[in-house]
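Peer 1: The lines below spell out each chain.
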Amino acid sequence: MDKIYLDYAATTPVHPRVLDAMLPYFSQNFGNPSSVHTFGQQAEAALEGSREKVAEVLNSAPDEIIFTSCGSESDNLALRGAALAARQERGANHILISPVEHHAVSNTAQHLERLFGCKLEYLPVDQHGCVDPTEVSKRLRQETAVVSVMYANNEIGSINPIAEIGAICRERGIPFHTDAVQAAAYLPVDVEQLNIDLMALGAHKFYGPKGVGALYIRRGTPLLPVLTGGGQEFGMRAGTHNIPYIVGMAEALKLADQERQVRIDHLLPLRNRIIGRVLEEIQDSQLTGHPLNRLSNHASFVFEGVDGNELLMLLDVAGYACSSGSACKTGDPEPSDVLLAIGLSRSWALGSLRVTLGLETTPGQIESFLETLPGLVQQIRGFAESS
Amino acid sequence: MDLQNRRETGMSKQPRVVVAMSGGVDSSVAAALLKQQGYEVIGMMMRLWNEPGAEGSNRCCTPDAMAQARRVAAKLEIPFYAIDAQEIFYQHVVKYFVNAYAQYITPNPCLNCNRYVRWEFLLQHAQAIGADFMATGHYVRLEKDAANKIQILAAVDRHKDQSYVLHILNQEQLAHALFPLGEFTKPQVRQIARDFDLPVAERAESQDLCFLGDSDYRQFLRRQAPEVGTPGPMITRDGKEIGQHQGLAFYTIGQRKGLAISATQPHYVLDKDPRKNTLIVGTLDQLGQTELIAGPINWISGIKPPDEIRLSVKIRYKAPRVLARIMQLPNNMASVAFDQPLRDITPGQAAVFYDGDACLGGGIIQPSPQWLSEEDQ
Numbered sequence: 000m001d002k003i004y005l006d007y008a009a010t011t012p013v014h015p016r017v018l019d020a021m022l023p024y025f026s027q028n029f030g031n032p033s034s035v036h037t038f039g040q041q042a043e044a045a046l047e048g049s050r051e052k053v054a055e056v057l058n059s060a061p062d063e064i065i066f067t068s069c070g071s072e073s074d075n076l077a078l079r080g081a082a083l084a085a086r087q088e089r090g091a092n093h094i095l096i097s098p099v100e101h102h103a104v105s106n107t108a109q110h111l112e113r114l115f116g117c118k119l120e121y122l123p124v125d126q127h128g129c130v131d132p133t134e135v136s137k138r139l140r141q142e143t144a145v146v147s148v149m150y151a152n153n154e155i156g157s158i159n160p161i162a163e164i165g166a167i168c169r170e171r172g173i174p175f176h177t178d179a180v181q182a183a184a185y186l187p188v189d190v191e192q193l194n195i196d197l198m199a200l201g202a203h204k205f206y207g208p209k210g211v212g213a214l215y216i217r218r219g220t221p222l223l224p225v226l227t228g229g230g231q232e233f234g235m236r237a238g239t240h241n242i243p244y245i246v247g248m249a250e251a252l253k254l255a256d257q258e259r260q261v262r263i264d265h266l267l268p269l270r271n272r273i274i275g276r277v278l279e280e281i282q283d284s285q286l287t288g289h290p291l292n293r294l295s296n297h298a299s300f301v302f303e304g305v306d307g308n309e310l311l312m313l314l315d316v317a318g319y320a321c322s323s324g325s326a327c328k329t330g331d332p333e334p335s336d337v338l339l340a341i342g343l344s345r346s347w348a349l350g351s352l353r354v355t356l357g358l359e360t361t362p363g364q365i366e367s368f369l370e371t372l373p374g375l376v377q378q379i380r381g382f383a384e385s386s
Numbered sequence: 000m001d002l003q004n005r006r007e008t009g010m011s012k013q014p015r016v017v018v019a020m021s022g023g024v025d026s027s028v029a030a031a032l033l034k035q036q037g038y039e040v041i042g043m044m045m046r047l048w049n050e051p052g053a054e055g056s057n058r059c060c061t062p063d064a065m066a067q068a069r070r071v072a073a074k075l076e077i078p079f080y081a082i083d084a085q086e087i088f089y090q091h092v093v094k095y096f097v098n099a100y101a102q103y104i105t106p107n108p109c110l111n112c113n114r115y116v117r118w119e120f121l122l123q124h125a126q127a128i129g130a131d132f133m134a135t136g137h138y139v140r141l142e143k144d145a146a147n148k149i150q151i152l153a154a155v156d157r158h159k160d161q162s163y164v165l166h167i168l169n170q171e172q173l174a175h176a177l178f179p180l181g182e183f184t185k186p187q188v189r190q191i192a193r194d195f196d197l198p199v200a201e202r203a204e205s206q207d208l209c210f211l212g213d214s215d216y217r218q219f220l221r222r223q224a225p226e227v228g229t230p231g232p233m234i235t236r237d238g239k240e241i242g243q244h245q246g247l248a249f250y251t252i253g254q255r256k257g258l259a260i261s262a263t264q265p266h267y268v269l270d271k272d273p274r275k276n277t278l279i280v281g282t283l284d285q286l287g288q289t290e291l292i293a294g295p296i297n298w299i300s301g302i303k304p305p306d307e308i309r310l311s312v313k314i315r316y317k318a319p320r321v322l323a324r325i326m327q328l329p330n331n332m333a334s335v336a337f338d339q340p341l342r343d344i345t346p347g348q349a350a351v352f353y354d355g356d357a358c359l360g361g362g363i364i365q366p367s368p369q370w371l372s373e374e375d376q
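Residue numbers (numbering that gives the first Met the number 0), protein chains in the order written: chain W, 0 to 386; chain F, 0 to 376.
The set of hints was computed from the structure by calculation and includes no laboratory data. Some clues are possibly wrong.
Unchecked claim - Simulated crosslink set (BS3-like; lysine-lysine; CA at most 27 Å straight-line):
1. F:Lys34 to W:Lys2
2. W:Lys328 to F:Lys34
3. F:Lys12 to W:Lys2
4. W:Lys209 to W:Lys253
5. F:Lys317 to F:Lys303
6. F:Lys317 to F:Lys256
7. F:Lys239 to F:Lys275
8. W:Lys328 to F:Lys74
Between the sequences and the hints, there should be enough to build the whole structure, so can you do that?
Peer 2: Given below as structure tokens:
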């Protein structure tokens, strides 16, 4: 039996068209875009062409796009850069984030709190992990340096009302960052419509290569660089450009934008089938995240009294690659912060399962997965009773 | 990745075996040999308990050990999973260890680990993923006897033989057990590791109890069971007090070092009287007993031998086998009478019975009957 990959939120394979676009830039057009000569000029053309492609999808100006090494780096630059610039320019010290952010945001914010004395405040979320824009409005202060609320959650798939939160921040003149790493594959990323000042992207979530990301920085948003050096990327991110990866990212984002509706039409019925069948057939199960307002490739659950790590192992041996919020490669499971933040108890939160679909997912794969899963959950509950 | 090839070779009906991996050379070579023999091999490692505040210090599953095991699994192209065994390990191994010392006996926690954690909990998890067998890097051999029962035979390498700690197994477990190292010596196993180019070939041997981390067992006990460190008198057989002990738990029968007695002759720990919290010491000629009671006895074949039988007996993991007369007692206990007095008979360790190389079973050595209260007898 073939192994079936159901973990597209972790990463996706590189699309063949993306790979084709990248290949010439490894050994043929290998120049450094900072060089004066023709080799450099060709590389620079590829770089700027990529920047324009990304800008077009985001409905931004090209010089508002900074290429980075990954989504996490983009989040770091956004948070650190905005927090430190706001402190320098206007003495602002207050950071407002949601409690269900990716660690790239939450750990960075905690780092700013611990090392730089910033005041970190968490927004409340509802049982689906969503932020209410009025809560943002209540908590904004004169001295708020930056607000960060993720667009769509990696663990539970919920989508936040980004445009409304962005509008509130704009009105108060506070920079608004969103981590759109999970969202970009399936949701519109028009920064004008979404009222975004800073937005992090990572290419490998939408069939681009790992090791490249981007940060959208609205013109006029105060930001200090994190990686300093040769002045690349408008002085915001030093380091020789990784041209083949940047080219791959731009191509992948363009494809994702063009094919967005086709991809959603393919995945949505499969995702709904999984959610319906799992909740129907597995006792003591709950959907995590919003039932409707969620990523169209994303189904996530908790099963009471199930060791999520063990479930992943049994699924893998049975041929299905999934993920869990409590999964830990060292066998020391801890419930995820996100699942605790939405109010789940430890005994539910330890039994989480995330099933995320992608281009290669077929209805047949989903049927065979759904035939296998309930028995495995039952088996694990069986041993929990016997030991 | 060569998926096509994996599909053709990996998914056929080979027997599936889970190897309990530790990141050490033995379990790594066990996995390599089974893979070479054509099994579908899956590596598993248990996350065991460590003292709160010393996370990742359990020697059997430090981050380094786990990383090593993963590297070996990657090299052998086998899947690898870590499973959470912290709770069951704490319940059956750590608590047992602490409770035994609190009752002034010297436990062998590896026996319980094999009985409840490896060969029950882990075996159950192995079977749950469809494994036909579970294998470890223990040095023992298996063979069917005339009655078609599976026997455990001592390893070819006498220095490495681990039949002592596996005397707790039964036929049901053995039907699913594989021990690929029993025919090899340790130097051969290291050579095999080099031949397979495993990254663990030169790793050092580990000896101490895994869950002690960097502590000595006395420090560990002082933290986990402070009550065991109650000092008391140290007396000779004739009742003369000749010193103070630091807590009965910190002494082992036959121990000479660390008694802090000024006497003309060296003194040894002869026995412990928990009722009076006294440590009985004496000279070498007083040390030794000819008899012990052990149990409950596990007979590996599942069949009790005759009421009285002569077998050889091992009273500690590293002790030599010596001849003795075994008599069955009620409640699955046995009395063991040695031809010569033996020093180092230690309650809490196992007495394990052998007929030639065959390990027949064994049980835990019980505390000296003279210290039991009237009601207990």
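Peer 1: Hint numbers the structure violates, sorted upward?
Peer 2: none
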